[in-house]
Amino acid sequence: MTENLHLLMPELLLAMLALVVLVVDLFLPEDHKGYLPWLAILGLIGLLVLSINLLTNTEVTLYGGLIALDNFSLFFKCAFLALGIIVILASMDFVSRWLRSPGEYYSIVLFSILGMILMVEAQELLTAYIAIELMAFGFYVLVAFGRNNRKSNEAGLKYILVGAFSSAIFLYGLSLVYAATTVTHFDAIETSLRLALTNADQIGPGLWIGMALMLAGLGFKVAAVPFHMWAPDTYEGAPIPVTAFLSVGSKIASLAFMLRLFSEAFLPAIDQWQIIIAVMSALTMTLGNVVAIVQNNYKRLLAYSSIGHVGFMLMGIAALSSIAIEGLLLYMIGYAVTTMAVFTALTALFNMTGGEDISDLGGLGDTHPYFAAAIAVALFSLAGLPFFAGFTMKFYLFAAVGVQGLLWLAGLAVFNSLVSLYYYLRIIREMYVKPSPESVTLLMSHSEASNNISKPTVVITSLSVLLTLSIIYLGVYPFHLVKIIKAATLSIWD
Amino acid sequence: MDQFGGLWFLVSVMGNFNEIVLIAILGVPLFTGGTLIFFPRNKIGAIRAFAFFGSLLTCLLSLYVFVTYDYHAGGYQFAGSVIWLMEPLNINFSFGIDGISAPMILLTGIVMLAGTIMSWNIKYRTKDFFVLFMFLVAGVVGTFSVRDIFFLFFFYELAVLPMFPLIAVWGNTTDFGSFLRTKEYSAMKLTLYLVAGSALVWIGIIALFIETTNVGSGTFSIETLSQMSEDGVFSQKFQLIFFPFFMIGFGVLAGLWPFHTWSPDGHVAAPTAVSMIHAGVLMKLGAYGIIRIGMTILPDGASGWMPLLMGLGTVNVLYGAVSAMGQRDLKYVIGYSSVSHMGLVLMGLATLNPIGVTGAVLQMFSHGIMTALFFAVVGMIYERTHTRDITMLGGLAHKMTFTVILFAVAGLTSLGLPGLSGFVAEILIFVGVFKTAAPLAVLAVIGAAITAVYVLRLLAKAFFGPIDSKWENLTDGEPRELITNGLLAGIILFVGLWPMPFMNVINSGVAELLTRYAI
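As you go down the protein sequences, you meet chains X and U in turn. The letter at position 61 of the first sequence is residue 61 when you use my numbering, and the numbering goes up by one with no holes. The letter at position 277 of the second sequence is residue 1277 when you use my numbering, and the numbering goes up by one with no holes.
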């Protein structure tokens, strides 16, 4: 049992790091709390280096097939560790300004990341379930972290109710699958499915109902239509860095888990579920993009836009194949980088102005030319315009979906991209054409008078620059990333 | 040897100059735009000078490419290729120009330089303006110089992207009381129309890619695709289904009726230099896309759908001309005349015979220069009079003699006066159309006659006649403006009097293109 324990070092150390942050917080005096995020970041960087050195090209399953350590897991492990670093960097200023208990905040972020990593590694349903819960519990707390903010509390309550409900549905589906097949390992499920498909009378409808319920549970986690209702309220209420973390981390982890589940366990039944997921994806992208048009709060707008992006990403699962997995992984990375870039810039602005409406961005091109440009670049990228990551990722994924015989879905996605351009342009117009609203101008002049209190910090500015450059890099030359993605894809699809 | 190291390097670079010159034409605007980002905002002089030298260099390089293009050899020249993405997408950044794209590159270089010079007086966010302008040009140059559909589409969309801020921020709102078009409205309309067009193109590209993966490894290379097309990989049914995606998708940008309505609004709202680039060069991207993807790769589809394109093109010519006649705004007249002239280009393409297609490509060049000149002159007039209302103008020729002469040159080209470039191009198109669809050729000639009516009426009403007292203090163009526009007028005259250098190059490309069509 323990001979391969060292391969799990990154996970074990990450759990330890989260606890260390929690403990150190107890002993740090109030005015030194600023060291906590740096401690977490240093730890994460160390883990990133360790994981790459320890695990590159490892292909093993541990503990009788509970956990798979392969290039696919490694790819996402590195992605989530990097995401942790970015989220913590983006949160630092926000947490010290607006939230209490930084120790708990950073430690819970780390626990959530651990949950995401385990989700992608799980090769057995119960292990996966526990990992999902570990991630979700972290998010329940984080969403409600603005304790004195009514919206944040409301969001937290909604999220925990819906989350608990969806977990129950997932668990029920899981038990039905277990009842039908008497196994929970992915490869064993695949074998039973194959049998079931050849002898239709051998296994009853429980298996199909179970699979459908699991899909519904996961649909809640990724906010796919018709399980998306919680997302806009939760996104609006949560503190901005948490919204970013939620819309990137939880979605990508759930989709990556779905990738492994569907390609390692449910693949034989692709004819049965492909059309369901394709329709779900069509509904999700259409609803997300159309409803986003009428939003006035930018967090709500981005919530609906991220529902739209989930619709795009679900296409990759509907068109499951090696080219679609590559496209989906590229999309995930591009989406993560771009979304984090938007939210980083918005966090920086929120720290200065405290406004959350699109109209609060008025005149940004004059008052903060750099952040306006960063937001514009990121939004153009999300809309899928070239030179930016969004174009490459959409082109790859849509072409892959088309090749798998779902040209109608790819076509719908192309038109949804067009719709999304409209509401992204609304924000850009606000920033560059409209004058700044009185309140912001006043606040700006006031802050300049009082010694530039609300200048963006160096950390968040550099992070924003870095993310913007990454968007352009991925848009102009994705060669190296695609090479890594190919290696990751080979682990779950050969 | 060591002390000659640098020299040897220079020699070897010069030796390979032809292999990198297209990269340079693409790279110079990108580099100029990218470097300008780091200029301080208030150093307007330095920004302008840097943008000017970037444009001048691009223009000279494009002239070099055009002049040294060997039309006897034909085919893609100045070519090169770099792997961008491996299997299964197989995208290569491959570039090279043929007889059809060479004049387009030259056109882009000229209009870019003229546009930069005509933007001399932009004071508001000068830096941002030139950064976006340079990226716009880079997108245009890229589209004309690549040999891979992915990158063609990449640069095509890149050219659309900067239009929104350029119009929304630096543009003009048109307000005639009952007729109001805000610049934000026009910018949004233009962007959404063009991106909707490119959505169709995108679907078409995916469909092509699917077909190629069905017979082996997928590819986006235009040469491989057209080879596959000759080998019969794309069935006639496939071609007939997907040719309209390219025809309409690219047609939107070419101002194809009934998807042209963004064009007058957009051109009028845009600042002078952007109107010049947009009407002069960007609309040609649409026609170029139809040639490069639609007609090259899907010949059966093209043959099947060309009657429709011919018909729509005729509507374009007449509708544009009649609409231009009814306009009060000087810039709207030019905007609708662009719609009308692009109709001639589409008609020429739809003939699928060498004369008509050659005429269409020459018309693309000629119209590009002519419209750039039009918009530049209108910009000069607007800067001085602050109105574009034709009824308010009158007798400007007394005060702005040279400006009006330049406008007259553009106007006379537009109505097809012999000796100017428009005549050569239009006569070729008319002959080509007569061969395939004689009744429509008659209608097109009628369109040209209507053009004569509105151009001459415009000249009479706005520029000649007694001068209104409020224009007593007008000044003629500055040397900077007159020389630039004089050069544009000179090119029009040159092409009109001696079109052979252009015809030879264009013919080599068109002949290669039309080998697919049994005529």
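In short, the hints are calculated from the structure, not lab data. Check before you lean on any hint, since a few could be wrong.
[Claimed, not checked] With a straight-line Cα cutoff of 27 Å, these simulated BS3-like cross-link-like pairs (lysine-lysine) come out: (1) X:LYS434 to U:LYS1123; (2) U:LYS1461 to U:LYS1399; (3) U:LYS1461 to X:LYS434; (4) X:LYS434 to U:LYS1189.
From a predicted model like this one, the values you see are computed outputs, not experimental measurements.
Violated hints - listed by number, lowest first: 3
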